[in-house]
Amino acid sequence: MKGTVLGIEGTAWNLSAAIVNEKEVVAEVTDTYRPATGGIHPREAAQHHAKYASYVVKKVLKESKEKGIDPQEIDAISFSQGPGLGACLRTVATAARMLAISLDKPLIGVNHCLAHIEVGRWMTPATDPVTLYVSGANSQVLAYRRGKYRVFGETLDIGLGNAFDKFARNAGISHPGGPKIEELARNSTNYVPLPYVVKGMDFSFSGLSTAASEALKKHSLEDVCYSLQETAFAMVVEVTERALAHTGKNEVLLGGGVGANMRLREMLDIMCDERGASFYVPEKRFMGDNGAMIAYLGLLMHDCGNAIKIGDSHVDPNFRPDDVIVNWINEVSVEDKDVPY
Amino acid sequence: MYLTSGAEARVRLEGTTIIKERVPKRYRLIELDNRIRKERTRAEARLLSEARRAGIPTPVIYDVDNYEIKMQYIDGTALKHVINDKLSEKLGELVGKLHMAEIIHGDLTTSNLMLFNNKIYMIDFGLGFINSGAEARGVDIHVLFQTFISSHQDHEALSNSFCKGYRQVFAEADEVIERVKQIEKRGRYA
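First to last, the sequence lines map onto chains A and B. Under the working numbering, the first sequence has 265 at position 265, and the numbering climbs by one with no breaks. For the working numbering, count along the second sequence from 1 and bump the result up by 1000.
Watch out, some of these pointers could steer you wrong.
To be verified - Computed beta-carbon distance windows for the label pairs:
#1 Pro35(A) <-> Ser1049(B): 50 to 58 Å
#2 Thr32(A) <-> Glu1039(B): 38 to 46 Å
#3 Met1(A) <-> Lys1086(B): 49 to 57 Å
#4 Val1082(B) <-> Thr127(A): 35 to 43 Å
#5 Met1(A) <-> Ser1049(B): 56 to 64 Å
#6 Lys218(A) <-> Ala1043(B): 22 to 30 Å
#7 Cys304(A) <-> Lys1181(B): 25 to 33 Å
#8 Arg146(A) <-> Phe1116(B): 28 to 36 Å
#9 Ala1043(B) <-> Pro179(A): 29 to 37 Å
#10 Asn318(A) <-> Ala1171(B): 30 to 38 Å
#11 Thr1077(B) <-> Ala245(A): 22 to 30 Å
#12 Gly1006(B) <-> Lys284(A): 31 to 39 Å
#13 Glu22(A) <-> Ile1061(B): 58 to 66 Å
#14 Ser1049(B) <-> Arg43(A): 52 to 60 Å
I should point out that these hints are in silico values taken from the structure, not numbers from a laboratory. The beta carbon of each residue, even a glycine, is placed where N, CA and C say it ideally should be.
All chains should be built: construct the whole structure from the sequences, respecting the hints.
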């Protein structure tokens, strides 16, 4: 694999452009939309991205030029085609198309969820993992099997981070709720029973979030934060373990912003230890949404001839990772274990 | 002697009794872990008896403890070794009855179906639940069809025979089979 790709991420609140080659992240510039109050307002987030798109692109080009890479040396432009907030996706796609046309480079539409997995495989020793991807909007357990990343389990309603944010808003904690919930949870060891919802291989968080808000009437904030974390994380760890057992794989990779939580990492570590599996967590800058992961998957896809025409580059807010034909993974290097189904 | 050891439970054989024990998970808080294992053990035992009441052969339950079910050992042959069109049609009738009783098995594979005394027994309701929607029923059948595809040459004939039996006993069969086709197109659960 050879080449240099400029990738732009902007599915939600993080706008980030990066230039990546097969060796390293050459440059990355990020500007984050921060609401004055409440959570992410989709229109405001898109307006933020429109305002700062040229800034992050210019700056990343300038930084990479300082490292000796000229804009004309870039081989392709990649962007987050989905899933994400429609208005944000459209804004970033426009910027990417314009850049591709003006530099006369091929355009590559990247699935955001798969970018999280691929950057994790790049930045950790994981080769063929079961990935737990948990962020504000997304919560999925994925693994590669026969030409696609399959979704083995996922949320039936809202993402884990979103469930935390909703609870946080009701509890008067400012956005994003996760880090503060984690801090408050450290002051408690008193478990308040909350609904644990795993249905087959899927999980659901909206009822849990509501029940946690209700529990505040009778219990301290610390106790509820502790119980919310313990319940939600146990659910996703359980499904991750099932996916390991089902696929016969022996690596777990963590991705997404919620992956910053130390208690979640500890639980995954214990589970992997009990099963004799390896557990991998990339550096924090590659966990949340970042331009480098979009550029890197763009690089993998460019190498396999996956460029798209401008006319086919419309965004998809519900873009499923299991809709993507994965032609950049060598079947020989990734052992596809023969499982009954 | 342990027969199987999955992500959730261990199954051992003592004489002619099967003991299915849900094992503790160290990553989970102990009170949460105990609660979940207890709830699931009870739910599974309840589904086994309800399915039996609906006319589906299932193992007889001898005893239910906090985290353990003691039940009859079905010393038969897994359907995956013997399945043919006739058995598949018979299976369609059974799943039709199960779904009519609003029970979803949750893990219908030809390894969880046993041929014993000329009857098809359903075992392992560990992922089962109560639901009367076309989606849950469709997924139940989709999982079964996936095992046909992955391990049997003539999987289309098996699926067709299954649908024949399913339609015979279950009035809502057409809606569910239509949903199975949609689920196939989505390409997940694979």
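Against the structure, the hints:
no.	hint	result
1	Pro35(A) <-> Ser1049(B): 50 to 58 Å	53 Å, holds
2	Thr32(A) <-> Glu1039(B): 38 to 46 Å	42 Å, holds
3	Met1(A) <-> Lys1086(B): 49 to 57 Å	53 Å, holds
4	Val1082(B) <-> Thr127(A): 35 to 43 Å	38 Å, holds
5	Met1(A) <-> Ser1049(B): 56 to 64 Å	57 Å, holds
6	Lys218(A) <-> Ala1043(B): 22 to 30 Å	27 Å, holds
7	Cys304(A) <-> Lys1181(B): 25 to 33 Å	31 Å, holds
8	Arg146(A) <-> Phe1116(B): 28 to 36 Å	34 Å, holds
9	Ala1043(B) <-> Pro179(A): 29 to 37 Å	36 Å, holds
10	Asn318(A) <-> Ala1171(B): 30 to 38 Å	34 Å, holds
11	Thr1077(B) <-> Ala245(A): 22 to 30 Å	24 Å, holds
12	Gly1006(B) <-> Lys284(A): 31 to 39 Å	34 Å, holds
13	Glu22(A) <-> Ile1061(B): 58 to 66 Å	59 Å, holds
14	Ser1049(B) <-> Arg43(A): 52 to 60 Å	54 Å, holds
Comparing the model with each earlier hint shows no violations; every hint is respected.
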